[in-house]
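Colleague: Sequence:
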Amino acid sequence: MQSASYEEALETLRAKGIRLTSQRQLILKYLKNTHKHPTAEDIHREISQTLSGISLATVYNTLNTLKEYGVIRELSYGDMASRYDGNETLHAHLVCEKCGDVYDIPSPPVNEIYPSAARESGFIVSSYRLEYYGLCKKCQSPA
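For the record, in the sequence shown the residue sitting at position 79 is 79 according to the working numbering, with numbers rising by one throughout.
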């Protein structure tokens, strides 16, 4: 399943009666156009370059709204800061245990397994999370 584009996500929000403030649009566009999985602080730092005066609280509130309406995903990993994903479809991640960076990985085998497992068991799957933990290339390098 392909992630909704920025325009499709805007249409989803419009259809649900959500006001499309400039802050919401900028944050959504940033997340839909990056392959990174930024924290709220990362997003605030990036968006502040375009929209000076935006508060970190506004970023958090906007992220919660976008998550609530299903156009982004929040990725929580224990003690690390939550990260946000503009790809709202179900997919797996690689998580670096040293720096905390998160990478998308294609997961067709998992996407094929859970529907058949659900059919066989009668279980209704609403969501899943699959993460592989280890060290990214930059953290593997000797210091």
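Keep in mind that the hints were calculated from the coordinates and are not lab data.
It is possible that some hints are incorrect.
Stated by the list, open to error - Under the rule of at most 30 Å between Cα atoms (straight-line distance), these lysine-lysine pairs were calculated in the DSS-like manner:
hint: 1; residue 1: K98; residue 2: K137
hint: 2; residue 1: K29; residue 2: K67
hint: 3; residue 1: K137; residue 2: K29
hint: 4; residue 1: K29; residue 2: K16
hint: 5; residue 1: K67; residue 2: K32
hint: 6; residue 1: K16; residue 2: K98
hint: 7; residue 1: K29; residue 2: K98
Colleague: With a cut-off of 30 Å on the C-alpha distance, tell me whether K29 and K67 pass.
Modeller: holds (14 Å)
Colleague: Please work out if K29 and K98 have their alpha carbons no farther apart than 30 Å.
Modeller: holds (28 Å)
Colleague: Is the straight-line distance between the alpha-carbon of K16 and that of K98 30 Å or less?
Modeller: violated (40 Å)
Colleague: Going straight from one Cα to the other, do K29 and K16 come out at no more than 30 Å?
Modeller: Distance of about 18 Å is within 30 Å: holds.
Colleague: Between the alpha carbons of K67 and K32, is the straight-line distance 30 Å or under?
Modeller: Given pair K67, K32 holds - Cα atoms ~13 Å apart, limit 30 Å.
Colleague: So if I understand the rule, the pair passes when the alpha-carbon distance is 30 Å or less; does K98 with K137 pass?
Modeller: holds (11 Å)
Colleague: Holds or violated: K137 and K29, Cα atoms, limit 30 Å.
Modeller: holds (28 Å)
When held up to the earlier numbered hints, the structure conflicts with hint 6 and nothing else.
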